[in-house]
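Position chain B relative to chain A; hints supplied.
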Amino acid sequence: MVDTLFSQLTTLGSSIALLFGIVLLCRYSFHAYVEAFRWQSLVLAVLLVVVGYFGAASELYLVAAVFFALKVVFIPHYLERLAKRVGAPREIQPYVNVTTSLVVAAVLVLLAYGIMRPVVQAGQLPTRGGLPLAAGLIFVGLFVIISRKKALTQIVGFLVLENGIALLAALGAFGIPLIVELGVFLDVLMGFLVMQVFVYQIHGTFESIDVEQLNQLRH
Amino acid sequence: MDFLALLFPPLLGALLAFVVRPYRAAVGWTNACLSMVSLGAAFLLAASISAGRHAPTFGPGELLRADGLSALLVVCVAAVAALALFYSPGLGGESPYDTTQLRRYQIFVNLFIFSMLLAVTANNVGVMWIAVEATTIFSAMVIPLALTKASVEASWKYILICSVGITLAFVGTVLAYFDFVALAGRRENALNWPVLLSAAPGLHPEVMRLAFVFLVVGFGTKAGIAPMHTWLPDAHSEAPSPLSAMMSGVLLAVALYAITRWKVVVDATLGPDFSNELLLLLGLFSLLVAVFSLVLQRNYKRMLAYSSIEHSGLICIGLGLGPLGVFAAFLHLVCHTAAKSMLFLLAGEVLHRYRSTELERVSGLIKVMPLTGALFMGGILAIVGLPPFGLFISEFALIRAGFAAGRPGLMAAVLVLLAVGFVALVGHSNKMLYGAAPEGITLGDVPGNWRKAPFLVSVLVLATLGLVLPAPLEVLLDQIVIVVTQ
Chain A
201 MVDTLFSQLT TLGSSIALLF GIVLLCRYSF HAYVEAFRWQ SLVLAVLLVV
251 VGYFGAASEL YLVAAVFFAL KVVFIPHYLE RLAKRVGAPR EIQPYVNVTT
301 SLVVAAVLVL LAYGIMRPVV QAGQLPTRGG LPLAAGLIFV GLFVIISRKK
351 ALTQIVGFLV LENGIALLAA LGAFGIPLIV ELGVFLDVLM GFLVMQVFVY
401 QIHGTFESID VEQLNQLRH
Chain B
45 MDFLALLFPP LLGALLAFVV RPYRAAVGWT NACLSMVSLG AAFLLAASIS
95 AGRHAPTFGP GELLRADGLS ALLVVCVAAV AALALFYSPG LGGESPYDTT
145 QLRRYQIFVN LFIFSMLLAV TANNVGVMWI AVEATTIFSA MVIPLALTKA
195 SVEASWKYIL ICSVGITLAF VGTVLAYFDF VALAGRRENA LNWPVLLSAA
245 PGLHPEVMRL AFVFLVVGFG TKAGIAPMHT WLPDAHSEAP SPLSAMMSGV
295 LLAVALYAIT RWKVVVDATL GPDFSNELLL LLGLFSLLVA VFSLVLQRNY
345 KRMLAYSSIE HSGLICIGLG LGPLGVFAAF LHLVCHTAAK SMLFLLAGEV
395 LHRYRSTELE RVSGLIKVMP LTGALFMGGI LAIVGLPPFG LFISEFALIR
445 AGFAAGRPGL MAAVLVLLAV GFVALVGHSN KMLYGAAPEG ITLGDVPGNW
495 RKAPFLVSVL VLATLGLVLP APLEVLLDQI VIVVTQ
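Chains A and B supply the protein sequences, listed in that same order. All letters in the first sequence, in the order written, are residues 201 to 419 by the working numbering. All letters in the second sequence, in the order written, are residues 45 to 530 by the working numbering.
Next up, chain A with everything else stripped away, as it sits in the complex:
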């Protein structure tokens, strides 16, 4: 692996993005969750521009712009508004406490390195150093989803997961064909809006957004 400026920048950017993802595990207030997600998306938008510049993939500029508009501006704004309407949750006691969460996150990143080894070895791109970090971000996002008790924080976990996948696509293949990328953004946006609708419905029907209350349906 040649340590060019390009590969150093991508590894740095991916590491920062992963760090923001792990920060989610130590925070309690919903506002902090949204802020971490917002900063992570900003870092990723910049990284997309960097990859587009060095990798001579000019569609990535458009993708970065849409990414910025969607995940740094639009979605965090809607999340804050939603939180105001249903009462911003404090994830006081997630299923797994902070210390254990951090240990689990470390194990997940190691796992990601292990799993992505064949991919890293098989590739020739200068960005392949960041691939395990992207996989790590995906796993951390998954972990956030399953260990949170509030519906809103689960949504943030899902958005972090999507960020991880966008990073993977950007690093692994300098993006994917434009039509697919735009379609994916549309899906993410629609999915987010639908989840928003659901949080209102959960709040309306259950008087809270504590997913522990969603336990009527068994067997």
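Keep in mind that the hints are not guaranteed to be accurate.
Claimed, not checked - Capping the alpha-carbon separation at 25 Å, the derived lysine-lysine pairs in PhoX-like fashion look like this:
id	chain 1	residue 1	chain 2	residue 2
1	B	193	A	284
2	B	411	A	349
3	A	349	B	201
4	A	284	B	201
5	B	496	B	475
6	A	349	A	284
7	B	475	B	411
8	B	411	B	496
Said to hold, decoys possible - Per the computed footprint, the stretches of chain B lying under chain A, defined by three or more beta-carbons under 8 Å from a beta-carbon of chain A, are:
id	segment
9	193 to 200
10	432 to 445
Calculated from the structure, these hints are not laboratory results. Yeah, the Cβ is synthetic: ideal placement off N, Cα and C, and Gly gets one too.
Chain B only, in chain A's frame:
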């Protein structure tokens, strides 16, 4: 041109429902008729492909393409869609929903149908993924139509688990694309199936193995494969019955279609062994989980949902057993679609009359609603695999394929599990059908027996498939086997 006639009607239906405020029954009837147009186009497409026309394509960059596999699924989707739209709430007669809910139902159900049709005709792997994710989103909007705690819970689990699953499938897609780009450079049509398939032998085995695991876990979540199935019983039982019929009948089939398409690519890189083993393992596990849950069931809609998981598992097992198994699996898919869609729609009628989904509250169905009860019994007999219905033939073919592939132990396990499932399902439905009718319940079928006529078509299809395999279907199935096992 057939593609437009196929895909346009549901879009038009959604637009119509969106524009007409407040909802009127005429909208429902128009949409039902539009679905017949789709169905006609689907049949024409399938007939032409079965008669030997080579995979037609449509759109810029060959966006849509229909070969034998797509054609079979398109017919299944369009048929169940037409059935479900004819049985939608709000088509005259009383309905438990108000006009806002009915309008939302019509908009999103039509969009749901459109995205399913797009998923099976898309030539581009990415577009297929987008369409499958869209099905999750659109169906999730309709599940909590009646805002109860149970339905909201079910739809939250549904959208969260399926979105996570679908996202993992996207990881698999990206990994495969990444490998393709590393091999062949960035190309415009890089994500088209034929292009991927031709490049497949040169891809890296380790990367494709990893990609396939992500893809099977991801699309398997939508197909109801254990251990990612936990959303299914809740979502299928809480949704309005026509939506359950579509979800159990064809959405699972669409997800299995996606897995099959990717299996073809991965097999070209790795050889069939890896994907076969993985599918056999997951299929057997699904069968196990479903069958034992069937025994414990107390709710008849959940019972039907677990039966769907059971059959999804069987289809996966079939996919892992080589050419004979693939033939059996897709025949099974067609028969299961016909039977399960009918069962869920009938369950909707039962629910409407008995006002409860608990098994113990339902009894004497044969006395209370004779025609519905008889059809329900027929459906259950079909779904447990009794002759003369088609599922008997497909399960028999599956077992035979298993023995031919040299897996007698696995087939013995499958037979034992099927037997347990048989006893559970027949036991539960006997309690529903016979016995004394509960007090104070209205006797007699819903007036207008002609409304049950489409079910007779389902029963006829199932019985025909159990006795003789129509030539066009056989041709399609043979084409599918060739596509999948080349």
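Hint by hint, here is what the structure shows:
| no. | hint | result |
| --- | --- | --- |
| 1 | B:193 x A:284 | holds (22 Å) |
| 2 | B:411 x A:349 | violated (47 Å) |
| 3 | A:349 x B:201 | holds (13 Å) |
| 4 | A:284 x B:201 | holds (23 Å) |
| 5 | B:496 x B:475 | holds (23 Å) |
| 6 | A:349 x A:284 | holds (18 Å) |
| 7 | B:475 x B:411 | holds (13 Å) |
| 8 | B:411 x B:496 | holds (17 Å) |
| 9 | 193 to 200 | holds (count 7) |
| 10 | 432 to 445 | violated (count 0) |
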